[in-house]
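S.K.: Line by line, the protein sequences are chains A and B.
In this text, residue positions in the first sequence follow full-length UniProt numbering: the first is 1, and each later residue adds one.
In this text, residue positions in the second sequence follow full-length UniProt numbering: the first is 1, and each later residue adds one.
Worth flagging that the hints you see were computed from the coordinates, not collected in a lab.
Computed from a predicted structure; not experimentally measured.
Beta carbons: idealized from backbone N, C-alpha and C, even for Gly.
Some clues are possibly wrong.
[Claimed, not checked] Simulated pairs of lysine-lysine, DSS-like, Cα-Cα distance not exceeding 25 Å:
1. A:Lys210 to A:Lys13
2. A:Lys455 to B:Lys364
3. B:Lys275 to A:Lys11
[Unchecked claim] Output of the computed footprint for chain B on chain A, the stretches with three or more beta carbons under 8 Å from beta carbons of chain B:
4. 2 to 10
5. 417 to 430
6. 493 to 502
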Amino acid sequence: MKSICLVERVKWKFAGNMNPHAFDFGDVDNDKDNEFVIGNLKGELSVFKGISAANDGQPYVTCSGLGTITCVAVGDIRNSGKNSIVCVNAEGQCHIFDITSSNESDPTTHDENIPASSKKNNDIQTPAMRPIIIDSPKVIEKPTLTLSVPVNCNRILIADIDGDGINEIILARTDRILQVFNFQTPLPPIDSTASIKPSLIKGQPILKEKKKWCFDGQITSLSIAKDPNTSSPLLIVGQPGGHFMIIEKNEKKTFFPTQVSGDQSGEEFTEVSTEIVRGTVFKNGKYVDVVALITMDGKFTLYDLQSSSISNYELQGTHKLFGMASMDLCINDINDESLDNEILNDPEKSAKKYDNVFVVCAWNGCTYVIDHDFNVVKFEFEGRVCAFAAGQYAITPGHNVNCFLYVDFEDQITVYYNLRINTKPVTNFIEIMRGQFNKFDELLGDIVQDYDQEKGALSNGSYQSTSNITEFFHQCLYQLDDYKDMKAKLIETLKRKTREEEEKKPNELREKNELIEENGLLESVIYQEKEKDVEKSESRNKEQNQNQNKQDDLVLISEQDIIQDVETQELEGLEIENTLDNVIGGCDDVAHKLQLNQITNTDNEQFNTQETQT
Amino acid sequence: MTIKKGIHQHLFVSSFYGITCFVSAPGYWNTIKLPLDNKDIGEIISMDVFSSVHSDLIFALTTAHSGQNDDDPQSQFSLRIYSLGVLISNFMEDAIFKVVEENCQSIRLHFTPMQLVHTKIDKDGEDCIVLLLCGTDGGVHLYIEDKYTKEWKESPVQPYYPFLAGLADSESKILSLEIKEFGNVKFIAAGCQNGMLHISILKQNESTGDFEREQSSVALFSPITSISIFASSTSKDKPEEIHMLVTCAVEQAIIYCYVDKEILKHPLYLRECSKHDSVLCSHIMDIDWDGKNEILIGTYGRELLIYKQNVNSQGMIIYQLLWQRSFTHPIYRITGLDLNEDGIEELIVATQYGVHILQPNLYKAKERLLKVLNEIDILNKKCKEIST
Numbered sequence: 001m002k003s004i005c006l007v008e009r010v011k012w013k014f015a016g017n018m019n020p021h022a023f024d025f026g027d028v029d030n031d032k033d034n035e036f037v038i039g040n041l042k043g044e045l046s047v048f049k050g051i052s053a054a055n056d057g058q059p060y061v062t063c064s065g066l067g068t069i070t071c072v073a074v075g076d077i078r079n080s081g082k083n084s085i086v087c088v089n090a091e092g093q094c095h096i097f098d099i100t101s102s103n104e105s106d107p108t109t110h111d112e113n114i115p116a117s118s119k120k121n122n123d124i125q126t127p128a129m130r131p132i133i134i135d136s137p138k139v140i141e142k143p144t145l146t147l148s149v150p151v152n153c154n155r156i157l158i159a160d161i162d163g164d165g166i167n168e169i170i171l172a173r174t175d176r177i178l179q180v181f182n183f184q185t186p187l188p189p190i191d192s193t194a195s196i197k198p199s200l201i202k203g204q205p206i207l208k209e210k211k212k213w214c215f216d217g218q219i220t221s222l223s224i225a226k227d228p229n230t231s232s233p234l235l236i237v238g239q240p241g242g243h244f245m246i247i248e249k250n251e252k253k254t255f256f257p258t259q260v261s262g263d264q265s266g267e268e269f270t271e272v273s274t275e276i277v278r279g280t281v282f283k284n285g286k287y288v289d290v291v292a293l294i295t296m297d298g299k300f301t302l303y304d305l306q307s308s309s310i311s312n313y314e315l316q317g318t319h320k321l322f323g324m325a326s327m328d329l330c331i332n333d334i335n336d337e338s339l340d341n342e343i344l345n346d347p348e349k350s351a352k353k354y355d356n357v358f359v360v361c362a363w364n365g366c367t368y369v370i371d372h373d374f375n376v377v378k379f380e381f382e383g384r385v386c387a388f389a390a391g392q393y394a395i396t397p398g399h400n401v402n403c404f405l406y407v408d409f410e411d412q413i414t415v416y417y418n419l420r421i422n423t424k425p426v427t428n429f430i431e432i433m434r435g436q437f438n439k440f441d442e443l444l445g446d447i448v449q450d451y452d453q454e455k456g457a458l459s460n461g462s463y464q465s466t467s468n469i470t471e472f473f474h475q476c477l478y479q480l481d482d483y484k485d486m487k488a489k490l491i492e493t494l495k496r497k498t499r500e501e502e503e504k505k506p507n508e509l510r511e512k513n514e515l516i517e518e519n520g521l522l523e524s525v526i527y528q529e530k531e532k533d534v535e536k537s538e539s540r541n542k543e544q545n546q547n548q549n550k551q552d553d554l555v556l557i558s559e560q561d562i563i564q565d566v567e568t569q570e571l572e573g574l575e576i577e578n579t580l581d582n583v584i585g586g587c588d589d590v591a592h593k594l595q596l597n598q599i600t601n602t603d604n605e606q607f608n609t610q611e612t613q614t
Numbered sequence: 001m002t003i004k005k006g007i008h009q010h011l012f013v014s015s016f017y018g019i020t021c022f023v024s025a026p027g028y029w030n031t032i033k034l035p036l037d038n039k040d041i042g043e044i045i046s047m048d049v050f051s052s053v054h055s056d057l058i059f060a061l062t063t064a065h066s067g068q069n070d071d072d073p074q075s076q077f078s079l080r081i082y083s084l085g086v087l088i089s090n091f092m093e094d095a096i097f098k099v100v101e102e103n104c105q106s107i108r109l110h111f112t113p114m115q116l117v118h119t120k121i122d123k124d125g126e127d128c129i130v131l132l133l134c135g136t137d138g139g140v141h142l143y144i145e146d147k148y149t150k151e152w153k154e155s156p157v158q159p160y161y162p163f164l165a166g167l168a169d170s171e172s173k174i175l176s177l178e179i180k181e182f183g184n185v186k187f188i189a190a191g192c193q194n195g196m197l198h199i200s201i202l203k204q205n206e207s208t209g210d211f212e213r214e215q216s217s218v219a220l221f222s223p224i225t226s227i228s229i230f231a232s233s234t235s236k237d238k239p240e241e242i243h244m245l246v247t248c249a250v251e252q253a254i255i256y257c258y259v260d261k262e263i264l265k266h267p268l269y270l271r272e273c274s275k276h277d278s279v280l281c282s283h284i285m286d287i288d289w290d291g292k293n294e295i296l297i298g299t300y301g302r303e304l305l306i307y308k309q310n311v312n313s314q315g316m317i318i319y320q321l322l323w324q325r326s327f328t329h330p331i332y333r334i335t336g337l338d339l340n341e342d343g344i345e346e347l348i349v350a351t352q353y354g355v356h357i358l359q360p361n362l363y364k365a366k367e368r369l370l371k372v373l374n375e376i377d378i379l380n381k382k383c384k385e386i387s388t
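Chain A with its partners taken away, still in its complex shape (with noise of 0.2 Å):
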């Protein structure tokens, strides 16, 4: 299990017990941007609205006097393209706010005094980050409007489970009751004049009950689905330990796991509270709708729509796990900047789809992301654990982005943010390299001791017997010495071979003419090479004498030559080759006893030999 480390962060005022799941995060005001919305069992509802030094943790829009908040939502309960706030409380009322531009007048905040249409073309043509400015908190003296529903709701979603377009509210409730609802405004009369002002007639909007079931078992948690094979809705219920139950749009109820008597002990059924929340998977060639499920003591599973399979991973959390969120990495991936680009403009990665994954937190504040082949990574939250939440959220305007957010017991939220998560396992280089050995086949031979060996054993999955590959890697990498000298005895070769082959042939006029010719043409580029240089070795040399500075401008300018020798072989390809096999054979003097300098670089009486054959 890996663990790690967030490091940016921030903290948030928010006072009061609260019910593990009286928070949600959504674009409360339309602005494209995710806010966070929490409410306590004092009534006080807070709205948070992205990060800033200047707002020092105060909230956006408060609101008091709501009653004991059980739950919060926030959705498009009109079906009008405008998200509002819900929020329930446990002595049946249904608090709904429309936090719109017009309510945003409010001269405190400085950035919403635009209209809308003109503030969010403003925000598309200077996505730059302005930071939000609040002042003090806005107070909402009262929600745009409270309706009645049942007591003792402690569970609420806003989705469409039916599939007509429409969407729906589901309350859950601590007698196991769930029932849905559709806002409704009561359309004008039929006889009603045209002259008559529509805003008039338009009496309260109710919450018109569509469907109610009962259930066995308390309702631990709401999620919805998509039926990967026929695309219509699916209503997920979580029951206690470790069920749930699937409603599908034409109310037909699966009980799951369906009998669970065959291989697991009758002791199984224990009443542990169970988390769900909805994953995708990417799976030939789309996203698949998947289920997930936490129970308390730590059971995670896996239930794949399409297939009806479950895969189960245990936890070894010593803590009550209780918030459970799914997440997209990816996104967050997109806006790194520094690392992750480069793997996204991988052709071999950008091409593979993300799964989501999941994040699981216990009341201690360790957390856990689990991804679908159960890698798990751990992070440890210092302090106790009120409400978790895992979502987007817009810290600069402009981007959402995924947070963790903390409720603990001090009256602080801690956000952190810029969460750079990897699941998967430490990466081996040599699997990244593995796809690229073919090409270096035979250089690879020639050099990496039992080369074909290894190369075998790669293939089979096995990086454990690879270690004379990964040397000569690292060699290449950290060791540039090796690698030039390893550079410096090919060339030797290369020119002893051509040697010999002049000496079989000695006779050969038209040849030896090029190679004078040539030899002079280096003789320049040497010079040349050699005034730029000059300064930088006598740096370097100071205490060498006359003589040995000369040497060593040599070598360092062979060393070069070598160099633009393989650059100018890669651009222009095989006609300069050939010139260049002369020019390396023609200086063949010079060339040779810089590279013996360069090998036995200690040896002085090689070294002085040599400058006495010059």
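Given the structure of chain A, go ahead and fit chain B onto it with the hints provided.
M.R.: Below, chain B without anything else, positioned relative to chain A:
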């Protein structure tokens, strides 16, 4: 603290009450907590791990006992040396357990120990590894292993390091000590608690074989936390430029350029460092595989900074901030080694509460390696072409 064993390199990390070893292996690493009895040992102050001619694994600790009844407060400190002896083990895991089982030698110290380093000296014509221990008594203490009894004994510093012996007279307490050799030039640098930086450079004259000594000192006015003497390129044969990086608790980090020639005359300041509280540690490493060393700096302000050497328009050396990253806790130590034996060195950052292992961008490494391989490949092919 890292140890090289054959081609494998392992990492030892110490906290107050224990030592953990990260044993590298192909594709993974093991973490092993050394089976040391805390009650026996007490708090660990400093640690060094190395291998010598006599032993594959020698493991030295300086410890402090929180003696509650001891009348003599000085006797609380001790130097403990664990040595693997003749037993040779192929597995580091095995070696670790054996080394702790083996009889440990404990030397009582009559001063508060600080940095513990090992270095190679020439003793009667033989290479020999000794331990150097800086103490609050102002001196540097040298411990040497007896060839026959395998016992470690304190020995005078004077014959081997007259420069360090000379420092013992001053009231300064040496916080950091760096001994490096590049070719025929030997450097000894000592940074003191009172901010004094002493450096001695020994050059061997090529023609006469005599040693020339140059010495210099400078007052930096704040405790010196780390010293690194390094060559700007990773090339082993002919280091071109040798610089010295000195970090101290209050001021910004300083690079003394061309320290072998200019000594302390050419200081260069790394200004960004001072924004992040005291600099606690530094490390030199080629992080981008270009054959040039980069400077890594870790601060109490939880920031890791990486500088790259460059040359400005006037041809002067400058250091540019290449990368930086925040951590959750103060950074105590930085090092680099290939922990999972895949050819790429990981960056290890030890902070107040943990060890962070950072892997470089492997796609950039791949790009770089392909370029190098291509170059060699072309030469290799040409070689073959001619020989046929």
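S.K.: All the hints need checking, so say for each whether the structure fits it.
M.R.: Tested hints:
1. A:Lys210 to A:Lys13: Roughly 39 Å separates the two Cα atoms, so the pair is violated.
2. A:Lys455 to B:Lys364: Roughly 23 Å between the alpha carbons, so the hint for lysine 455 of chain A and lysine 364 of chain B holds.
3. B:Lys275 to A:Lys11: Holds - the C-alpha atoms of lysine 11 of chain A and lysine 275 of chain B are around 23 Å apart, at most 25 Å.
4. 2 to 10: The restraint on the region 2 to 10 of chain A holds, since 5 of its residues have a Cβ under 8 Å from chain B and three suffice.
5. 417 to 430: holds (count 5)
6. 493 to 502: Check passed, 5 qualifying residues.
Figure legend: structure checked against the earlier numbered hints; the only hint not met is number 1.
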